[in-house]
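Q: What follows is each chain in one-letter form.
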Amino acid sequence: MRYLDEIRKKKPLIHHITNYVVANETANLTLCLGALPVMAHAIDEVEEMVEHAQALVLNIGTLDRTQIDAMLAAGARANERGVPVVLDPVGAGATQLRTDAAREIAKNVRLAAIRGNAAEVSILAGYRADIAGVEALGAAENIERVIKELALKLDCVVCATGPIDHVSDGRHVARVANGHPMLSTVTGTGCMCTTVVASHIAVAQDRFDAAVHALAAFGIAGEHAAAEADRKPGTFHQELYNAVFALTDDEVDAEKRVEILREE
Amino acid sequence: MRYLDEIRKKKPLIHHITNYVVANETANLTLCLGALPVMAHAIDEVEEMVEHAQALVLNIGTLDRTQIDAMLAAGARANERGVPVVLDPVGAGATQLRTDAAREIAKNVRLAAIRGNAAEVSILAGYRADIAGVEALGAAENIERVIKELALKLDCVVCATGPIDHVSDGRHVARVANGHPMLSTVTGTGCMCTTVVASHIAVAQDRFDAAVHALAAFGIAGEHAAAEADRKPGTFHQELYNAVFALTDDEVDAEKRVEILREE
Amino acid sequence: MRYLDEIRKKKPLIHHITNYVVANETANLTLCLGALPVMAHAIDEVEEMVEHAQALVLNIGTLDRTQIDAMLAAGARANERGVPVVLDPVGAGATQLRTDAAREIAKNVRLAAIRGNAAEVSILAGYRADIAGVEALGAAENIERVIKELALKLDCVVCATGPIDHVSDGRHVARVANGHPMLSTVTGTGCMCTTVVASHIAVAQDRFDAAVHALAAFGIAGEHAAAEADRKPGTFHQELYNAVFALTDDEVDAEKRVEILREE
Numbered sequence: 067m068r069y070l071d072e073i074r075k076k077k078p079l080i081h082h083i084t085n086y087v088v089a090n091e092t093a094n095l096t097l098c099l100g101a102l103p104v105m106a107h108a109i110d111e112v113e114e115m116v117e118h119a120q121a122l123v124l125n126i127g128t129l130d131r132t133q134i135d136a137m138l139a140a141g142a143r144a145n146e147r148g149v150p151v152v153l154d155p156v157g158a159g160a161t162q163l164r165t166d167a168a169r170e171i172a173k174n175v176r177l178a179a180i181r182g183n184a185a186e187v188s189i190l191a192g193y194r195a196d197i198a199g200v201e202a203l204g205a206a207e208n209i210e211r212v213i214k215e216l217a218l219k220l221d222c223v224v225c226a227t228g229p230i231d232h233v234s235d236g237r238h239v240a241r242v243a244n245g246h247p248m249l250s251t252v253t254g255t256g257c258m259c260t261t262v263v264a265s266h267i268a269v270a271q272d273r274f275d276a277a278v279h280a281l282a283a284f285g286i287a288g289e290h291a292a293a294e295a296d297r298k299p300g301t302f303h304q305e306l307y308n309a310v311f312a313l314t315d316d317e318v319d320a321e322k323r324v325e326i327l328r329e330e
Numbered sequence: 067m068r069y070l071d072e073i074r075k076k077k078p079l080i081h082h083i084t085n086y087v088v089a090n091e092t093a094n095l096t097l098c099l100g101a102l103p104v105m106a107h108a109i110d111e112v113e114e115m116v117e118h119a120q121a122l123v124l125n126i127g128t129l130d131r132t133q134i135d136a137m138l139a140a141g142a143r144a145n146e147r148g149v150p151v152v153l154d155p156v157g158a159g160a161t162q163l164r165t166d167a168a169r170e171i172a173k174n175v176r177l178a179a180i181r182g183n184a185a186e187v188s189i190l191a192g193y194r195a196d197i198a199g200v201e202a203l204g205a206a207e208n209i210e211r212v213i214k215e216l217a218l219k220l221d222c223v224v225c226a227t228g229p230i231d232h233v234s235d236g237r238h239v240a241r242v243a244n245g246h247p248m249l250s251t252v253t254g255t256g257c258m259c260t261t262v263v264a265s266h267i268a269v270a271q272d273r274f275d276a277a278v279h280a281l282a283a284f285g286i287a288g289e290h291a292a293a294e295a296d297r298k299p300g301t302f303h304q305e306l307y308n309a310v311f312a313l314t315d316d317e318v319d320a321e322k323r324v325e326i327l328r329e330e
Numbered sequence: 067m068r069y070l071d072e073i074r075k076k077k078p079l080i081h082h083i084t085n086y087v088v089a090n091e092t093a094n095l096t097l098c099l100g101a102l103p104v105m106a107h108a109i110d111e112v113e114e115m116v117e118h119a120q121a122l123v124l125n126i127g128t129l130d131r132t133q134i135d136a137m138l139a140a141g142a143r144a145n146e147r148g149v150p151v152v153l154d155p156v157g158a159g160a161t162q163l164r165t166d167a168a169r170e171i172a173k174n175v176r177l178a179a180i181r182g183n184a185a186e187v188s189i190l191a192g193y194r195a196d197i198a199g200v201e202a203l204g205a206a207e208n209i210e211r212v213i214k215e216l217a218l219k220l221d222c223v224v225c226a227t228g229p230i231d232h233v234s235d236g237r238h239v240a241r242v243a244n245g246h247p248m249l250s251t252v253t254g255t256g257c258m259c260t261t262v263v264a265s266h267i268a269v270a271q272d273r274f275d276a277a278v279h280a281l282a283a284f285g286i287a288g289e290h291a292a293a294e295a296d297r298k299p300g301t302f303h304q305e306l307y308n309a310v311f312a313l314t315d316d317e318v319d320a321e322k323r324v325e326i327l328r329e330e
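Chains as they are written, first to last, in the numbering used here: chain A, 67 to 330; chain B, 67 to 330; chain C, 67 to 330.
No wet-lab data here; the hints were simulated from the structure.
Among the hints, erroneous ones may be present.
Same chains, same names: a pair is fine if it fits in one copy or spans any two.
To be verified - Cut-off 20 angstroms, straight-line C-alpha distance, at most; resulting in silico cross-link-like pairs (DMTMM-like, lysine to aspartate or glutamate):
1. Lys-75 to Glu-201
2. Lys-76 to Asp-196
3. Lys-76 to Glu-201
4. Lys-77 to Glu-201
With the hints as extra help, turn the sequences into a complete structure.
A: Structural data, given as structure tokens:
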């Protein structure tokens, strides 16, 4: 499927309930991708807003109790209306509030996908992992098994991103080797990646295929940006938007480094 | 009037109660223009803060009930002290909360100006319009009549921006044809435009003239930025600040594309 | 001490309770410096989060009552665990809420350092000063005496930044002449500077020396960025991250313009 063409043609509305650190950056990333962002967090409007959306992103990066309630309400309405929900469990494992909130959302909302770093996803799956603030230091040992288990349990696509990204739908596991170390010099590139996943799923039939394409596309955009701005994080940040805006499906097909491990 | 010179000389303080998506970007735009931004939203301080300001921006981009109360309190105090108030009804029409809040503010606060996209302004005026999140899809048919009516009713200047901007004070209507499609690839350029309008009104006698100049100036800055960075939204975003910072009144006079329809 | 090397080696976690205007920018600055940022404000998690941090930044830039409570709770826990706390009293003097909050925090939390503009620091020390929103217009007359008094009273390092930065630990006063006027064309450079101070103190034994190095380093980064982008605030903003990322201890030693007034 030509995902980027499809996103640019359909312009899906991506409703974000997200943290104030990256609200601007993820909105801009959404626009560069060709989708439409809307950021709305108030319990008084999230249910109505999500009805008009083609995907809902729940990102717990700067969480408080009020926001958890809004996420649960928006998630329930999204489920009723068939709007796919993507969870970004930012900082799960760093505090009890975040661990509990991520698990509460995963339990109460039917998720289409989860995108976190390997530590966050491990925590969500019930394993131990090391996290400093929102930075993964160490994850569960066999991350491929962990995400497969979690995907099976929640019947959704699970993405654990890092130097190599891993994706599973509970049956298959994919490894995506695109990306660049400069992505870790800019805050919120994980959150941006979640937005890319949500925008792909918003127009997709096959969510596993969509998530794999999303991670490859975002990784390739990172490679393109780094080619313009290696060792300069400020410049890289700007070039990342340029690269996403300019990226084509043909480039993704040509440059993706994806290995799919099919279930025997 | 040489508005940009005047703003840079007087450095008006622009108090924003605004959304967390564009708080940084509008603060930077205010600085580039030569004015001083302050972002303060707590009901405990907005009345005191606005007393020291030369304009107040009320932007409902990420709204909740607490913020509406703060906006009403700040607006009332601004009215008492003669501080001009500019409303940006972001997403009016997208949810009942936003539609109601925009109307409640317009009813209870004496506004100097309103700046929204054509759909938001149409909704505020009581017409139907199509909006996806915060993106105008379709507005009331005769936007010039709509803004004239609304301006007359509220005794303020109404700006509906888009490919062509329309401004009215209830008697005249102006069309401003400056701008560039790249402005729609960066989130918050509408909110930035509202800040430019507020900064102009902060130093102006004639608010209609000030708003027209503001829209022309911001549109020209967009054209200048696009000349440096067409098809590159990340670069365009940065060049937009550069362009606003460098813009002169002489350039605005030379490059503005404004048509004023005087009342017969 | 080779502070930048040390920060890049130890990667201290800097927990920020900060304003939504600069949350993204200070997180990115932290990363460029080589430290790890985490932004967390909820009373339900700040105490747990700060236990894992090597420094805590309390920045009152967009304050409300809820946030003050979270700051006091996080500060108390940081004190118990020996995590150094750095206060940025943004806008103290602009409203009673901010003045009171800054003083309440200074009274109840044992601070390692304070970083504000001269007006904010003067207000915090109990003097009169002129402030427009968050912009210092005039400070207490003898800023060196003021910060020395305040440093002595609170037993912490006090930094009053401006065209010349002043630092005192109650015994010595340092003047740091690095920096560039372009720093005032971008919002949040003061907040970024506070983050640099906190990151230095996180790895330091001698907090006065660390603060002086931090101000020199950030000022030099501003000079480097301006060399790439003078008169272009958008470009300067991006180059500032590049400059901080590339800065070395050797450059700071070679380019710092610091005068230390030792107590006779």
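Q: State for each hint whether it applies.
A: Hints and how they fare:
1. Taking the shortest alpha-carbon separations for Lys-75 and Glu-201, only the inter-copy value of 15 angstroms comes in at or below 20 angstroms, while the best intra-copy value is 35 angstroms.
2. With identical chains, the CA atoms of Lys-76 and Asp-196 are at most 20 angstroms apart between copies only, with a shortest distance of 16 angstroms across copies and 40 angstroms within one.
3. For a Cα distance limit of 20 angstroms, the shortest separation of Lys-76 from Glu-201 across copies, 14 angstroms, qualifies, whereas the shortest one inside one copy, 34 angstroms, does not.
4. Proximity of Lys-77 and Glu-201 under a CA criterion of 20 angstroms is satisfied inter-copy only: 11 angstroms between copies versus 32 angstroms inside one chain copy.
The structure is consistent with each of the numbered hints, conforming to all of them.
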